[in-house]
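Chain A is already provided as a structure; the job is to place chain B on it using the hints.
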Amino acid sequence: MDPMTTSRRSFLGLVGGGALAAGLAACGTSGPKSSGGSTGGAAAGSGTTYWFLTGQPQQSIREAQVKRFNDANPDTKIKYTEFQNDAFKQKIKTAIGAGQGPTLIWGWGGGGLKAYVEAGQVEDLTDWLTNQEADLKNSIFPSAFTAATVNGKIYAVPGETVTPIVLFYDKRAFEKIGAQPPQSWGDIMDLVPKFNEKGIAPFSLGGQSRWTSMMWLEFLFDRIGGSEVFQNIFDGKANGWSDPSALKALEEMQKLIKANGFVKGFSSITADSNADQALLFTGKAAMMLHGAWTYGNMKASGGDFVTGGHLGYMNFPPVDGGKGDPSDTVGNPGQYMSISSKASDADKETAKKFIANNTLDDATVEAWVKSGNIPVVKSAKDKLSSITDKNDSAWLNFVYDTAANAKNFAQSWDQALPPTQAETLLDNIAKLFQLSISPQQFADSMNAVIGK
Amino acid sequence: MTVTAPPVAPTAARKGPSSAAGRSGPVAWMAVPALAIFLLFGVVPLFGVLALSFAQWDGLGAIHTAGFSNWRSVLSDPALPHTIWVTFEIMILSWAVQTPMSLLIGTFLAGRQRYRGFLAVLYFIPLLLSSTAIAITYKALLDPNFGLGAGLKIGFLTQDWLGRSDLAIGVLIFVVSWQFIPFHSLIYQGGVRQIPTSMYEAAAIDGAGRVRQFFSITVPQLKYTIITSSTLMVVGSLTFFDLIFVLTAGGPGDATRVLALDMYKRGFQANLMGPASVIAVLLVLLGLALALILRRLGGSTTASQLEGM
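Going down the list, the sequences are from chains A and B.
With the first letter of the first sequence counted as 1, position 67 gets the number 67 in the working numbering; the numbers rise by one all the way through.
With the first letter of the second sequence counted as 1, position 26 gets the number 26 in the working numbering; the numbers rise by one all the way through.
Keep in mind the hints are simulated off the structure, nothing from the lab.
Take the hints with a grain of salt, since some may be wrong.
Claimed, not checked - Just some of the chain B residues that point at chain A, by a computed CB distance under 10 Å:
no., residue
1, Leu60
2, Ala62
3, Asn145
4, Phe146
5, Leu157
6, Asp160
7, Leu247
8, Gly250
9, Gly251
10, Gly253
11, Arg266
12, Ala270
13, Leu272
All C-beta atoms in this analysis are idealised placements derived from N, C-alpha and C, irrespective of residue type, glycine included.
So here's chain A without its partners, still in its complex pose (with noise of 0.2 Å):
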């Protein structure tokens, strides 16, 4: 989901893409496209409809998904409109809100379903997942599922591509220094200096996004704490953010600001114009914390960089002594497909035939693998040894394993968190990074939105 869920996470780092997509609107030319003619989703009495972001490849896939589910079933075909991502994230909330949103609502689970859910706006899919479609639901990595629950009940069906957050870097420039990648946290404050005297920045970071610093944080305090340190406050527990793992996490993580580890200029990097990404490729920082949708990016626009086999990838590396399983990874495990609570029953019956039948069918999955994304199912690692290209392959299958043998695969903060929460967080980060608040009063502000 390269590309996409840059845009919509920018969304929630309230970033310069934005604007960018609201100045296109004031020119007329990213207004909503549909399908039929039909401009809205009017939930009832207009046959069923389907919101979905453009962007590609996955605007083109989704197309294909909805064309293969109308030319087999000419009576109730589907119509879908197409919203560019911040108009989509505005758009969706006022719609469901009035009335008046599509049968399919696309989305990112976890706190924004959860919200839905509370409202009463999306159908219960846990009876029908597990007895009418267990082949379904067991096809699908079952750490997608998480960020589809809410109170114990499955609220959207899992879809699309799975994207940990991942440790990219530049194999020239350990060259130039003649170091190994970090195999620690410690290894990574020591190489720090040395990138540094080199005069290569040792991490590149858009950190105006906010939730790109996000992602530090949350392999900290996975590394440090465990995965049960998030699961808390997550929880709602009191003061889940003072533990005490959780105010080391944040500690190192100043020490390595302090220690100049990230791009000079980072706070006013945002990760929608990729230039965080352009950075690593251009041999200006040698490391990067970012998401495995990034790839694509890197290898469109880095000339040699992913061709020439300079880029280098990991999962974040364990911290000394800490508790956390150096497998579990954070990212997105999926993107969610609810289906209206307010949409007439045909209506529903057709939305579910819909993701049964066409939203990961083997064609999705070939297109999936084709575009360099792996999807939410099992069936994507048999569909790897069709790739040819080398460097493909290689990124392809760690992504894969990374995903698969992850103890823990946890939902980005932003994401699983309420918005209320998600945007208090956020606006603290950007504050840790500007060294302006210390770890105390980081945790002492956010432990006041626990349960928000």
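Relative to the frame of chain A, chain B by itself:
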């Protein structure tokens, strides 16, 4: 604006256009469509926001009344004083930069020479660009790694312009000024052209030089123009959003988080429509208060600008 009233009709200028409109019935009716639209899209939502500020709503579920809890939580928020401070800082600094510049450029452009007309067109260009486009362009130019400074290898320009709090505010003021000085220059240009040339002729006979003429005739005669332009700047900067949103997103940290941005973030990112409405109400009150103060500063409206003529 009294300035635009023709000097041949001093009574109208004195009483102002509203009383003139009130006298003639049919003219008043022509204001009805505008009034209806204003009421529907301006005043009614305003009361909606006021009501929402006493409610709890995430934009999705049901709206619950919340009494004064939103007001308490917003007003006791430790970040609020900082947000208000930043808002005023940007307001005052951008006023202090824009007013003298616009006044000088406006006076300069008021001349009838050909080249000045040509320059006026050039100066007007920034106003034609959308704030978003301007912000994206400046962001790219100021990028510490790929921007203008890094590209041309000019050390002075390779600052972390948007990543350091003090610099970020400065950059914002600069870009805001760059964008809006043309507009205010245009207002001043019109104002200066309204000043009767006889006053300058009289001053010249009395031996006043250019500088003296500027301070003794141009500036005092532009009193109402200055008030108009300042009101637009001050009230406009309260709601200034798009440029900051794209350029810094309120960052670094919360260094450029102004009230309007704070409102957006609370409402549409944190899904807290209630507290966001509180900020919105505060913004309306602040804007009204500032506009009133500026009107008062201008003195009583019955004083004609052409006094002594």
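Going through the hints against the structure:
1. Leu60: holds, 5 Å
2. Ala62: holds, 8 Å
3. Asn145: Cβ of Asn145/B sits 6 Å from chain A, so the hint holds.
4. Phe146: holds, 6 Å
5. Leu157: Result: violated, 12 Å to nearest chain A Cβ.
6. Asp160: holds, 4 Å
7. Leu247: holds, 8 Å
8. Gly250: holds, 8 Å
9. Gly251: Interface hint status for Gly251/B: holds (6 Å vs cutoff 10 Å).
10. Gly253: With Cβ-Cβ at 4 Å, under 10 Å, it holds.
11. Arg266: Nearest chain A Cβ about 8 Å off; hint holds.
12. Ala270: It holds, given that the least Cβ distance between Ala270/B and chain A is near 4 Å, below 10 Å.
13. Leu272: Result: holds, 6 Å to nearest chain A Cβ.
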